[in-house]
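K.L.:
Starting from the given sequences, assemble the full structure and let the hints guide the process.
Chains as they are written, first to last, in this note's numbering: chain A, 89 to 408; chain B, 26 to 285; chain C, 104 to 252.
Please note: incorrect hints may appear among the correct ones.
Unchecked claim - Example chain A residues on the side facing chain B (calculated, C-beta under 7 Å, incomplete):
no.: 1; residue: Ile-152
no.: 2; residue: Pro-153
no.: 3; residue: Ser-157
no.: 4; residue: Val-172
no.: 5; residue: Met-176
no.: 6; residue: Tyr-353
no.: 7; residue: Trp-360
no.: 8; residue: Phe-384
no.: 9; residue: His-385
no.: 10; residue: His-402
Source of the hints: derived by calculation from the structure; they are not laboratory data.
In this text, a Cβ means the ideal position worked out from N, Cα and C, and glycines have one as well.
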Amino acid sequence: MSAMPPVLPDDPEMGRRFTERVQSGEQIEAGEWLPAEYRFEALRLITMHANSEIMGALPEREWIPRAPSLARKMALTAKVQDEVGHGMLLYRVAETLGRSRDEMIADLVAGRARFHNVFHYPAETWADVAIIQVFVDGAAMQTQGALRSCSYAPYSRVLKRICYEEDFHIQLGLDVWRSLAEGTPRQRAMLQDALRRWWTPIIHFFGMPDRVSPHTEKMLAWRIKVKSNEELRQQFLRRFVPVILEYGLEVPDPGLRWQEDEQRYVYTEPDWEELKRVGRGGGPKSAERLALRQRFHEQHAWVREAVNRWLQDHAQDAVA
Amino acid sequence: MPGVLTAIADPTLRAAFREVLLRVADDELVIGHRHSEWTGFGPDIESDVAMSSIAQEELGHARVFYEQIADDEGLDIDRLAFGRTPGEYRHAALLERENGGWEFSIVRLVLYEAFETGRLRLLAASGQQPIAGLAETLTREERYHLLFAETWLTRLARGAAEGPGRVQRALDAAWPDALGLFETTPADALLVAQGVIASTPSAQRAAWEAAVRPSLEGCGLRLPSSGPREGGRRGVHTPAFDGLLDQMTEVWRSDPEARW
Amino acid sequence: MTHDNRGHDGQPRESGDVTRPQPAAGAASAETAARHDAGGLWEHPLGAARDVWAVFVQGRRRDTHVYAGDVHAPDAEMALVLAKENYTRRDPCVSLWVVRADQIHATAQDAAEMFVPATDKSYRFGGSYRQQRKAFQSSYQAAYREEDQ
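P.N.:
Quick look at the structure:
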């Protein structure tokens, strides 16, 4: 779903009134009339988010069986469980915009759908868990936090719940981070190395600085986009670079510098081509993770069929 | 409150009770580990989430039992959970089997949860505090585990074309290992003789079979007639456990003294 | 499989039930058509696939059941089993309700104006604050006892 399919043009009067409502701060509920482009863009945003929660479980869940203590084992299982749960909530929001969950998951598993760049990378060591839980979740928090004031009410409500739970994740992540940062030389080295490997994907996560374009303007006017990519990236750097420095670790970008006069960070321009490649499924772990999803999806096909048959047999239960 | 083991004066009785506590803890750790492997791979998102909770609860139960031993002996709990050789673990083979298909995990859940509920009830009636009280509390969570398992079992075993056959095969595969849950060692006889555990292992097995029979036969399944496969209670495990233990302790072993 | 189930106004409805065909747009089928009155659209079925269940959580015995979200499930029992772990992991709960989401009817956003009073309704609130204070300072207040609570 990369370009909006051709549709009948919207009633311009309804479109105008809709934009007015959104711009006056109103939120739109499920079932209300939407401009076709609004529906398309909202669905694209929310589906990608849902897909990312489901695919995002994969790098971290590799470490559940290997978590180095009972406490970490339980906490990591709970954390990844939350992500899967977020996927559930988000697919439901996407359903209110007109797609079925089965369709969206089929698209994801078939490699036709997109998910965030960060989840195309390997989680090579236990320390990667700390980096993902602090910095990747921290990055996602910036975007999700801003979108709490988006115009689509079902998404806005779910994001509030997601942000509430992500807060716990970051706390847990900081605990793992601390254990490693204050631990043995080997643990510190493992942590620094993980940070180094994840740095560019995290900077990429927020996307290229927005082009000034009618499209971006429209997304902002409709509050499908609330803050610009660069604003969110700066927010992230302001909050999380101090965490790195506080523990005496090195920011992997030697060109990263705080500009007091501009109140922003300058950083080494990352390779945006890599982001584009990864986004299209060309990341180091893209194929492997898709294959893994496909394998389980196929393995469970008979279960889905059994459940569907049960659903049909009981469809008439307690129907008024 | 002092640990349950400290309160047992007789050293032979204490050793026997310790063995049972370790069995429970190891059973729960290993099944918790296996259930946690479903995280992200369940047949539907909601069941994925539910199974993940069950995994966490089993690990939490393991922790309760390990704590009794660890506190009594001044051991680090993670060293107790992760630091033994394969032969020192006392769980039954049923729990270390790889997850396989969803139907196997569900069948295993039904069989194990019925067993665990029975075992916790016996511990709750043992009079040995604080374990008796703790065991009573844990049955609340086991109730949900069994409910989840039975709800799924029905929908698989009484559902579409492939379901009944697959579930029956899973039951046939799991049955000998399930009977292995009741494998006895001298500790069992001693605990029954001393009135700590109210029911002999063979009586426990009969009660368990009476409990699972209606669920299984109610789904059109046939109870297998195969005999038990044992060894776990004496530390004899299958190759699956070597792989499990290696993976589970990989990071911890890289530095057992470190704080993770 | 494309879902071409359009609602009354030509807008794509939420993805429909896999087992029951959706009524054609404009169908007069009483149980599924949205209702218009003189002011426009006033009520409609919430619209959801057959396997979507709305979940209501009762936090404590004296609380009402509050809507928490939805689950996909083949039947009510499974919906309850799944709702427990999907919606009450961090919140207190003593009871859950589930109901098929497609059984829920809703007033339309267009009808929101009907809920906004057009005239003074203070008679529902015991009059003005000053009047309330005066009433309480009377023998009614004087006769109050702890055990009346």
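K.L.:
For the hint on A:Ser-157, just tell me whether its beta-carbon gets within less than 7 Å of chain B.
P.N.:
It holds, given that the least Cβ distance between A:Ser-157 and chain B is near 5 Å, below 7 Å.
K.L.:
With chain B as the partner, please determine if A:His-402 meets the hint condition of a C-beta pair closer than 7 Å.
P.N.:
10 Å, violated
K.L.:
Less than 7 Å between beta-carbons is the criterion; does A:His-385 satisfy it with respect to chain B?
P.N.:
9 Å, violated
K.L.:
Interface hint check: A:Phe-384, Cβ to nearest Cβ on chain B, cutoff 7 Å. Holds or violated?
P.N.:
This interface hint holds because 5 Å falls under the 7 Å limit.
K.L.:
Minimum Cβ distance from A:Pro-153 to chain B below 7 Å?
P.N.:
Hint holds; A:Pro-153 Cβ to chain B Cβ min 5 Å, cut 7 Å.
K.L.:
Do the numbers back the hint for A:Val-172, that is, is its least Cβ distance to chain B under 7 Å?
P.N.:
5 Å, holds
K.L.:
Is the interface hint satisfied for A:Ile-152? The criterion is a beta-carbon contact with chain B at less than 7 Å.
P.N.:
Holds, because the Cβ-Cβ distance from A:Ile-152 to chain B comes to roughly 5 Å (cut-off 7 Å).
K.L.:
Hint validation: A:Tyr-353 versus chain B, beta carbon distance must be below 7 Å. Holds or violated?
P.N.:
Given a least distance of 32 Å, the restraint on A:Tyr-353 is violated.
K.L.:
Quick one, is the A:Trp-360 hint okay against chain B at 7 Å, beta carbons?
P.N.:
Violated: closest Cβ of chain B sits about 30 Å from A:Trp-360, beyond 7 Å.
K.L.:
Is the interface hint for A:Met-176 satisfied, with its Cβ closer than 7 Å to some Cβ of chain B?
P.N.:
This interface hint holds because 4 Å falls under the 7 Å limit.
Checked against the numbered hints given earlier, the structure breaks hints 6, 7, 9 and 10 and satisfies all the rest.
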